[in-house]
Amino acid sequence: MNGCDTQRFLVRWRAADDVTVSASWFHATAEDVAGEVSRGRRGWMILDGCQVPRMRLDEAANGSTLTDLAVEVQQLEPAV
Numbered sequence: 224m225n226g227c228d229t230q231r232f233l234v235r236w237r238a239a240d241d242v243t244v245s246a247s248w249f250h251a252t253a254e255d256v257a258g259e260v261s262r263g264r265r266g267w268m269i270l271d272g273c274q275v276p277r278m279r280l281d282e283a284a285n286g287s288t289l290t291d292l293a294v295e296v297q298q299l300e301p302a303v
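At position 53 of the sequence shown the residue is numbered 276 (the numbering used here), and the sequence of numbers has no breaks.
Don't read these hints as lab results, they were simulated from the structure.
Bear in mind the structure is a predicted one, so any value in this text is a computation, not a measurement.
Glycine residues also receive a C-beta, built at the ideal position from the N, C-alpha and C atoms.
Take these hints with a grain of salt, some might be off.
Simulated restraints, written as ranges between beta carbons of each label pair [what the hints assert, rightly or not]:
(1) Val303 / Leu280: 38 to 44 Å
(2) Asp255 / Thr229: 22 to 28 Å
(3) Asp271 / Leu292: 19 to 25 Å
(4) Leu280 / Gly258: 26 to 32 Å
Work out the full structure, taking the sequences as your base and the hints as a guide.
In structure tokens form, the structure reads like this:
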């Protein structure tokens, strides 16, 4: 690899309204490699630098997919 797997990311997310979010990840250099989808109003994932998070808003009970999605990313790198 290109060293992208030497760092880690903690990604936390939360929907502001009662909308379910489908969250997963895909591999940055091989898009046919993807993680399992989890659904909920909030969640977290630990990724390496080769993985990219992706999120999709599912339809709410009232038919809307418009909401605010708060995402926090914390980058962790090994000490030299």
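Hint check:
no., hint, result
1, Val303 / Leu280: 38 to 44 Å, "40 Å, holds"
2, Asp255 / Thr229: 22 to 28 Å, "23 Å, holds"
3, Asp271 / Leu292: 19 to 25 Å, "23 Å, holds"
4, Leu280 / Gly258: 26 to 32 Å, "18 Å, violated"
In this structure, only the earlier hint numbered 4 is contradicted, and the remaining ones agree with it.
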